[in-house]
Amino acid sequence: MEKGGIRVDPVTIDTTKIRMTKRKPETALEKLEDTGLINTLLAAKDREGFILLTTIDQAINWGRLSSLWPVTSGLACCAIEMMAVSMAHHDIARFGMEVFRASPRQADLMFVAGTVTKRMAPRVKQLYEMMAEPKWVISVGSCANTGGPYHESYCVLKGVDNIIPVDVYIPGCPPRPEAWLYGIIQLRQKIKNEGYGVKWGLNK
Amino acid sequence: METETLLLNMGPVHPSTHGVLRFKLRMDGEIIRDCQIVVGYLHRGTEKFGEMKTYLQFIPYTDRLDYIAAMPNNYAYVKAVEELAGIEVPLRAEYIRVLVMELNRIINHLVMMGSLLLDLGGSTMIMYGFRERETALQMYEMLCGARMTFNYVKPGGVREDLPEGFMPKLNEFIKDMEKRIVDYEELVNGNEIFLMRTKNIGVISAEEAINYGMTGPSMRGSGVDYDIRKVEPYSIYSDLDFKACMCREGDSYARYLVRVDEMRESLHILRQIADTIPEGKTVNQRYGMAPNTGAPSSVMSYFPRIFTPAEGEVYSRIEAPKGELGFFVASDGTTKPYRVKIRSPSFCNLVALPKMVLGLKIPDLIAAFGTIDIVLGDVDR
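First to last, the protein sequences are chains A and B. Numbers 0 to 203, taken from numbering that gives the first Met the number 0, label the letters of the first sequence in order. Numbers 0 to 380, taken from numbering that gives the first Met the number 0, label the letters of the second sequence in order.
The hints are simulated quantities; they were obtained by calculation from the structure and are not laboratory data. Since we're looking at a predicted model, the values are computed, not measured. Check the hints yourself; a few may be wrong.
Said to hold, decoys possible - Below are the DSS-like pairs computed for lysine-lysine, each with C-alpha atoms no more than 25 Å apart in a straight line:
#1 B:Lys52 with A:Lys157
#2 A:Lys117 with B:Lys52
#3 B:Lys23 with A:Lys124
#4 A:Lys117 with B:Lys47
#5 B:Lys47 with A:Lys157
#6 A:Lys117 with B:Lys340
#7 A:Lys117 with B:Lys23
As the list claims (entries may be wrong) - DEER-style ranges, computed between Cβ atoms:
#8 A:Ser66 with B:Thr275: 49 to 57 Å
#9 A:Gln105 with B:Asn8: 13 to 21 Å
#10 A:Ile162 with B:Asn170: 44 to 52 Å
Virtual Cβ for every residue (Gly too), placed ideally from N, Cα, C.
With the hints as constraints, model all of the structure from the sequences given.
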């Protein structure tokens, strides 16, 4: 597009400039811009091809990653650190994640926090299946990742990825809250790059 | 009017069962007529690991029994091994052991108070409890680098000496906690809703508590004066001035009050230790090899990785935050124990729950269950 002799590429609008010229929102568009949604819509990524769906993807992903609601399912030691993460000092409310749901039907995210025994495994699987799509799983701690210190045990599952798909693994026994936060950030990055365009192979 | 009873399943995934416990309730309307406890969802075969691992290798597994307060588990097992092998411990090491255990008792009771109040619908206490817990955990990190699973107490002493800056931090913590406990009491004790939810709920008499084999604060809430630190003093507890906290009522509120008092007593013990801790070695020098020179972690090499106690068996018990924690260790003269049996306080206290809740409603079950204070790792082992 030619404008005053300067070529402006609509895909590479510098979103930082929009923020710099910020004033009190008056029009509906400016109010929308104030929420940050328009920035996400306008944000251009290096993806080639399917421009229409990528911007929609970005808006959807932004919504999804900003309010991940975890299901309350502590299994063992790591569950205590899960409580510590959700308390004031480490405060996962910063990620919009403090809403621990008692029912898996209302949750987007499952922390498999602790040792998954063979007796508990069908229940964990059922819990995962009860969650509505889209859903993500973070496997926390050595026990859930591989069996950990209980790898030789006769009654412990050797990794929760034997029964359900896992998005992010957090190592540690139990992981420090900082490690949890890093794992959560990794999951957010992952969700950011998801999308229908990616799923259907449209933007190749 | 007779109604049909309904079998209601509660758990294993339930926010108020503190892990993976399952209740099978037979309900008559809203009244609990029968309560069966189904355990085993976290059975990890810890006792079998005692037979598979050497004496020292088993210590990290004891951390994961009662994971809210891991240090007493460490100590209980190590105490059994020391009695089995006849290992003596320097006085400073004993002081450090009692220090870390009493600190852990405070952490345990903070978490218990927080989760009880959370189950009853008040979310402020757990924020306070975990704030203080975080301060205490920072001290543990200074000490041994871990937050929850310490692996700190070793046969013949402790792994590391107190680091520089630990004592000032401890004194600060004691000073803070004294004020904070008053805050908690103001927040919780007079709360009308809390009183209605816990008074005369889950009552168990002294006689029944003894017959069910309850121990620890849960039993002392029924007015039984039984504290292993007093009855059968171990370590340096006979030199310390403290009292076994007690209440007579035997209901949920009484069990809660016992724990608040115990936190005070633990602070009192910590203060005494901070004043009187002797200088000296933190590990028995005669036992094991000489340390390697150089690296700071060379303290580890005081302990031989493999040692063989003489044939025999020992049962040793301590007063863990939740009650009597006992380790039975049998040796057949090899490098690994022949048998390790764990008498865990949570499991033995839990069996009294069905007796407490008959004729009550489900919310009362939660209030009674919260004050028994169990950890599933300790129940299922």
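Right, here's what the structure says about each hint:
1. With a CA separation close to 19 Å, the supplied pair B:Lys52 and A:Lys157 stays within the 25 Å bound.
2. Restraint check for A:Lys117 and B:Lys52: the C-alpha separation of about 22 Å stays at or below 25 Å, so the hint holds.
3. This hinted pair checks out: B:Lys23 and A:Lys124 have alpha carbons roughly 21 Å apart, not beyond 25 Å.
4. For the suggested pair A:Lys117 and B:Lys47, the alpha carbons sit about 16 Å apart, so the restraint of at most 25 Å is met.
5. Taken as a hint, the B:Lys47 and A:Lys157 pair is honoured in the structure, with Cα atoms around 17 Å apart against an allowance of 25 Å.
6. For the hint pairing A:Lys117 with B:Lys340, the CA-to-CA distance comes to about 22 Å; that is within 25 Å, so the pair holds.
7. Between A:Lys117 and B:Lys23 the alpha-carbon distance is near 21 Å, which keeps this suggested pair within the 25 Å criterion.
8. The supplied range of 49 to 57 Å is met by A:Ser66 and B:Thr275, whose beta-carbon atoms lie about 53 Å from each other.
9. About 20 Å separates the C-beta atoms of A:Gln105 and B:Asn8, a value consistent with the hinted range of 13 to 21 Å.
10. At about 49 Å, the beta-carbon gap between A:Ile162 and B:Asn170 stays in the expected band of 44 to 52 Å.
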